Every structure is written in C-alpha cells, then in structure tokens.
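Note that the protein sequences, when read in sequence, are chains Z and W. With the first sequence counted from 1, adding 111 to any position gets you our numbering. With the second sequence counted from 1, adding 987 to any position gets you our numbering.
Because the hints were derived from the structure by calculation, they are not lab data. Note that the coordinates shown come from a computational prediction; the quantities given were computed from them, not determined experimentally. The beta carbon of each residue, even a glycine, is placed where N, CA and C say it ideally should be. Hints may be right or wrong, so weigh each one.
[Stated by the list, open to error] From the structure, some residues in chain Z lie toward chain W, with a derived Cβ separation under 10 angstroms:
no., residue
1, T119
2, G138
3, D140
4, P192
5, S195
6, S264
7, N322
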Amino acid sequence: MSTQAEFTAALLNVQLPCPEGLCSANGADPASRFSVNRNNVQSSLINALRDSYPVVAQLVGEEFFRAMAAVFVQRQPPQSPLMSGYGEGFSDFISMFEPASSVPYLSDVARLEQLRTLAYHAADASPIRPEQIAAALNDPQALSELGFELHPSLLLLDSTWPVVAIWAAHQREATLEGIDLNHGQHALVLRNDLDVEVFAIDHGASVFIRNLLAGQPLLAAAENSPAFDLGQTLGLLIAHNAITHLNNKESP
Amino acid sequence: MFTSPEPALSCTQAAHAGLPPRVGVGLKTGHFREVLGSLPDIGFFEVHAENYMVAGGPFHHFLGLIRELYPLSLHGVGLSIGAEGPLDVQHLQRLKDLIERYQPHSFSEHLAWSSHGPVFLNDLLPLAYDAPTLNRVCAHIDQVQNALKRPMLLENPATYLAFQRSTIDEADFIAEVIRRTGCGLLLDVNNVYVSCINHQRDPMAYLDALPLHDVGEIHLAGFAEDSDNLGDRLLIDDHGAPIDQAVWSLYRNVLERIGPVATLIERDNQVPAFNVLLAEAQQAEALLVDAGGRS
Chain Z
112 MSTQAEFTAA
122 LLNVQLPCPE
132 GLCSANGADP
142 ASRFSVNRNN
152 VQSSLINALR
162 DSYPVVAQLV
172 GEEFFRAMAA
182 VFVQRQPPQS
192 PLMSGYGEGF
202 SDFISMFEPA
212 SSVPYLSDVA
222 RLEQLRTLAY
232 HAADASPIRP
242 EQIAAALNDP
252 QALSELGFEL
262 HPSLLLLDST
272 WPVVAIWAAH
282 QREATLEGID
292 LNHGQHALVL
302 RNDLDVEVFA
312 IDHGASVFIR
322 NLLAGQPLLA
332 AAENSPAFDL
342 GQTLGLLIAH
352 NAITHLNNKE
362 SP
Chain W
988 MFTSPEPALS
998 CTQAAHAGLP
1008 PRVGVGLKTG
1018 HFREVLGSLP
1028 DIGFFEVHAE
1038 NYMVAGGPFH
1048 HFLGLIRELY
1058 PLSLHGVGLS
1068 IGAEGPLDVQ
1078 HLQRLKDLIE
1088 RYQPHSFSEH
1098 LAWSSHGPVF
1108 LNDLLPLAYD
1118 APTLNRVCAH
1128 IDQVQNALKR
1138 PMLLENPATY
1148 LAFQRSTIDE
1158 ADFIAEVIRR
1168 TGCGLLLDVN
1178 NVYVSCINHQ
1188 RDPMAYLDAL
1198 PLHDVGEIHL
1208 AGFAEDSDNL
1218 GDRLLIDDHG
1228 APIDQAVWSL
1238 YRNVLERIGP
1248 VATLIERDNQ
1258 VPAFNVLLAE
1268 AQQAEALLVD
1278 AGGRS
C-alpha cells in the first residue's frame, strides 16, 4: 500500500494503527502526532455536517449527532473537494442508522436541510414580472399552451411526517408541542433573491409543481394533479419569484 | 514562461501585477454585509476557492460586489498538489473558471496533499521530502501554472510529523520547487513558527533557507497549544486564535529582510466580529508602513 493510501485509511478509521515510517524530531511517539491529523480530518468533516444539519443536531443532541456523523464520515468520506455538497447520502444513512430509529422523522428532516443547502447554492435566474405572468394568464388563446419554467433552486419533498412543522419549530424555541406527528407534509423549498424559503403545500399542489418541472403546460399540469387550489399555488409561486420563464408556442 | 491572456475585464492588468503591499483579511460569509455596509480600509480580501465553486446564490452575489471594490486573493485548499496520484483536471478547470470570473490578483495553494483517489480528506496532509516527491510536486505545479496561464504561490505547511525517508530539509525542498517551477512563495509565518517548534528547528535558519525574494504574500494566523506523549509543546495550526506574539515577532523580522509584502489576517475557526480582525489588520498595517510601505 502506498504511503498516502495507508495514511488515508488510518485517518478515516480510528481503529487502525498509525502508519509506518513516521518520526518526530524529539523522539515522541509518532502516533501522538498522527492523532493531530486524524483529529483534524475527523472534526473538520463532522463540523461540516454539523453546519449543514443544525436541526438534525438539535433533535438528537450534540453528542449523539457527532457520534452518528463520525460513523457516516468513516463509511462515506467526501468524494470531492467541494465540501458544500458533502453529506448527500446523510439522510439515507440516518434512515438506516439503528440508534436513531427512535426519532423516525430524523431522516426526512435531514433531507429537508439538504434541500435548503442545495437551494442556497443553486444557479441564479431572474423571475418574470407578475404583470407579464398576469398578461399571459389572461390571454385565453395562448393559455392552453402556456408553460412555466421554475427557478433552479426550487425543490420538493414528500414526507409521511410533518417535516416542515418540525423544521420550523426548531427555528424558534425547539419544541414539538402542538405538532401532530400523524400527518405528513409536502415541502416546497426555493431561494427567493438571497433567502432560502420553506413552505408546506397540499399534495395536489406538490404534484402540480412536479408536473410543471417535468415540462407539462400549465393547464395539463393542473388537470393531472389531485384537487388543489390552483390560484393560491400560482400566487405562491409568483409572490416568491419562482417563475423564471414563460413558454408559449403562440408567442415565443 | 507565462503569456498573459487577452484582457477580459478592466481589472485584468491590475490583477496580474499581484496583490498590493497592504494587509488583507480572509472574507467570511458572516461578514459580507458588514464589509459592504462599512467599506473598511482593507488592502484586499482572500477567499477559499472551493467555497465559491457553486452554481449561484449569495456567495457569488456578495463576492461579486466585494470584488468590484477590493483586490482579491484566491486561495485553494482542495487541489492536493502533493498527491501521489494525478491532479484532478476537473478541479483545475473549476479553478480556471473561477479565476476567469473574478480575476484575482493572486492564486495560491499548499505544499500538501488532501485527496487520495476519489477520497477528499479536508485537511492539509504532510509530505515526505525526497527526490520522487520533489519531481511530482514540480510536475503538478507546472501543470497548474500551464492550465491557469499564470504563476501561483505555494504555501509552506504546518506539520506535526516527519517521514523517516525524507532526505531534504523542508525549506530547501520549497526553495528547489520555486527554482524549478518559477512559482512564488506564500510565506505563512504562523506555519513557520508552528513547524519549527514541532520539529525543533530554528525559525531564523528556516527563513534563511527560503527564497524570501519570491514571497508574494504572507499569512498571519493563530495556533492552538497541545503537547505530545513526551509532554513537549505541540502547536496546532487551527486558525482559531489571535496571532501569537512569537509570530508577530517573526513577521517583523521577515519585513526587515524583504520590506512590505501583501499580508493576510487568516481566521477560519471561532471567527470573531469583523472589527476584531480589522484591529489585527491595523496592527499588521502599522508594521508594513514601518517597513517602508505605502506613504
């Protein structure tokens, strides 16, 4: 095994001994010095997860979070120097992490926090002015073909847990009092100008937005969705600058 | 030799002249709004390149605004120049794109490795100083400078360990890399002090062995105190504390040798309020002025 391969294995797996061939000028045990690099690697990766998943950490406590993150770091170390994307598999990992099974919504909260990070760094796009959208909606001839492109930061999450309510409660006093854990929620995440916003929307609205994202024209997207309030959903998308392009075959 | 690319922006030519001989501060996301609101008298800002390798959003928004007002140093932490394997050409392309976008006055990276195969370790790891490592590091720096079409600065490392197979002193190794590749030196004075304490070297002798006339930037930072199994001082380069008196003293010595050079106040952990960093910057700026800096 090469030096760096041996180093890498021992940095990630704290059970492995310090690599061979190391020394220190004062004759100290190299292991006592290798532990500095090992601590740096472990703590920087755990801290990176801690920064991206603050609500997950609140839900399980700092000590549990760091122990859980340490297992994840060893199993799924970063595969890229772009640390903003690290933790892509964290939510799935949590869903299989037996010691966290007493917090069954933890994995979905992690997914929501990951979507917030993705939305934060997503590509920029200018919204269409509301007057322009209103004009397009008021053109009966063009309406049947009208389609919307949505902001690159817009992401959806379907959860069997009240994931938005749990997340939102932890932006304030961190209590789940008053949240009915028996109802799932559909989360809409997007970046409005510089701020990432999170909404709970109806199942039908969530399907409708997915249909739009799949490229269906507005009317088809609405028809192919369970019952929902179309006006309110369009109002939400317009008010939060989520519509970035109008596709209209009549007036390209 | 490096041929200058066609000027893409009005700041291109200024950017190629290097950083101004003033004090800069590491730009932290928590300070974006305060910097734009107060427009502090700072010589330049430095950012970690990898943080800005994202598609869009607030990071680019704020860096774009700040770049219009201040010189910029782009500091890489993920290229893994010392890696046994080949450089990540995709990452090199991302650096090239970022340099084209922001036209930084300086690009720097570390004498260290941080990736092995696909695994990124998010730490700057030590190298054995021998002929094969020297050849590899020089080949990687040649590749970087050719790809980016500009010289880079190489930062001296903070290390805790040595390799039995090392045959070259660290400072001599760095001097030879600079001689062969034509890159510049990012002299991290904190790293000089940390490594010299950890490896029982004399900091003055270490500085004597470096090609100080090739210094394009200086880094100043704080360290943490630890001890090894013999109870000897083991200093950790954690960028999480104010600059130590011993490092200030070494910095003054460097300025006496080479005159004023762009100097960064670096703080990545336990980041304090911006005015705390500004106070350290003013302390360093006074030393630069003493050393014959801007009138």
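Checked hints:
1. A distance limit of 10 angstroms between C-beta atoms decides the matter here; for T119(Z) the minimum to chain W is near 4 angstroms, and the interface restraint holds.
2. A cut of 10 angstroms between beta carbons decides the hint on G138(Z): the least distance to chain W is about 7 angstroms, and the hint holds.
3. At about 5 angstroms, the closest approach between the beta carbon of D140(Z) and any beta carbon in chain W falls short of 10 angstroms, and the interface hint on this residue holds.
4. A least Cβ separation of about 3 angstroms between P192(Z) and chain W falls short of the 10 angstroms threshold, and the interface hint therefore holds.
5. The beta carbon of S195(Z) is positioned within 10 angstroms of a beta carbon in chain W (closest approach about 6 angstroms), and the interface hint is therefore held.
6. Because the smallest distance between the Cβ of S264(Z) and any Cβ of chain W comes to about 8 angstroms, under 10 angstroms, the interface hint for this residue holds.
7. At about 24 angstroms, the closest approach between the beta carbon of N322(Z) and any beta carbon in chain W exceeds 10 angstroms, and the interface hint on this residue is violated.
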